[in-house]
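Number of protein chains: 2
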Amino acid sequence: MANLKSKHVVWHPGVVTKADREAISGHKACTIWMTGLPASGKSTIAVALEKALWDRGVHAFVLDGDNVRHGLNKDLGFSPEDRNENIRRIGEVAKLFTTAGVINITAFISPYRSDRDRARAIMADGEFVEVFVDCTLDECERRDPKGHYKKARAGEIAEFTGVSAPYEPPVKPEIVVHTDQAPEAECVRSVLTYLETKGYIAPEA
Amino acid sequence: MANLKSKHVVWHPGVVTKADREAISGHKACTIWMTGLPASGKSTIAVALEKALWDRGVHAFVLDGDNVRHGLNKDLGFSPEDRNENIRRIGEVAKLFTTAGVINITAFISPYRSDRDRARAIMADGEFVEVFVDCTLDECERRDPKGHYKKARAGEIAEFTGVSAPYEPPVKPEIVVHTDQAPEAECVRSVLTYLETKGYIAPEA
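Respectively, the protein sequence lines represent chains U and B. Per my numbering, the first sequence runs over residues 4 to 208. Per my numbering, the second sequence runs over residues 4 to 208.
Take the hints with a grain of salt, since some may be wrong.
Copies of the same chain look alike in the list, so a pair counts if it works inside one copy or between any two.
Once the Cα atoms are required to be at most 16 Å apart in a straight line, the calculated EDC-like pairs of lysine to aspartate or glutamate come out as [claimed, not checked]: (1) 54 x 141; (2) 153 x 142; (3) 154 x 137; (4) 54 x 23; (5) 21 x 58; (6) 54 x 88; (7) 54 x 25.
Don't read these hints as lab results, they were simulated from the structure.
One chain only, chain U, in its complex shape (with noise of 0.2 Å):
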């Protein structure tokens, strides 16, 4: 083709590196895997994190029940196979958006902490930022924005995170948030400060 605008267009030999990505997008990729029992507030937590993180540039996505659940992983229910097959493909999912060059935040409960490893491992050194969402079983079940407990202790849910269903905390998370004693943003702000001490985005300016 003649009039081909090859000439501004440079062909680098090779692929896209992540050192690429990092180095035009401005900062660093992870997942932020953020875990807790069920009206912890991890949702609460990752959108407003998103927020901020949009706030300063950087490009962040959280995967959740919403976008999970009723897309790629429509075709699983609550068996503890399949609970762990929804964990897996949300690693997999979530070591891609690292890979893309994202600050991804995961929200699911996530109770066991094999399946929260599994994820660990999958990924490099750094790339897993594992955040205990911390809150009292008492608080979360006064909270209950959905009336799950409520349900669950009436029997009519079986299996539930924290009453009829074990959750096991992290032995040694990167970050611990208590939503308990500390306000939405004081929280989104430790996650801000851990990520700007490690170097994965630059200091509010």
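Please arrange chain B on chain U, whose structure you already have, making use of the hints.
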């Protein structure tokens, strides 16, 4: 070079919307769905396109066999049901990337029209850009970089697309590139021109 960072954006209250992401990133998001015979050049075009987009500061990402078949879809084989589920999941992940504001490029044979149409159906209008990577079977077979055609002809690979399994070309793809007639750079330019013309990305400065 354009930068994904952009300051002084006026925020709406609430969550980060698709429009917010587009305003900050300076480009729209979509799934560029490459389809074509084995060895037609899908991955080559996809990787070069990804690079050309990043060169303009556009956040792009390739989903292909390397990062999907060995991760998210490693539990799937090549039975009809598994192939079907393979493409279903890829469509859902592509949708997530589009929602996240990334121009994502999928590079899979995806031989069945119904599978591709299903992926299109879960996205909003304009979010699914089908690219038919057209190349004659003779030329694909001549290239045969992995020796798969040879093995398929020898009966060592069953149900190989183009040889012993069907390939259904798109009826009305948004873009057709002829990798047996035009050099790689020209095929990439065709896609870029489409994205510019339709307003996904800004014209080259």
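Structure-based check of each hint:
no., hint, in the structure
1, 54 x 141, "neither (29 Å within a copy, 51 Å between copies)"
2, 153 x 142, "within (13 Å within a copy, 64 Å between copies)"
3, 154 x 137, "neither (22 Å within a copy, 56 Å between copies)"
4, 54 x 23, "between (24 Å within a copy, 10 Å between copies)"
5, 21 x 58, "between (23 Å within a copy, 14 Å between copies)"
6, 54 x 88, "neither (29 Å within a copy, 33 Å between copies)"
7, 54 x 25, "between (20 Å within a copy, 14 Å between copies)"
The structure fails hints 1, 3, 6 (numbered hints given earlier, in ascending order).
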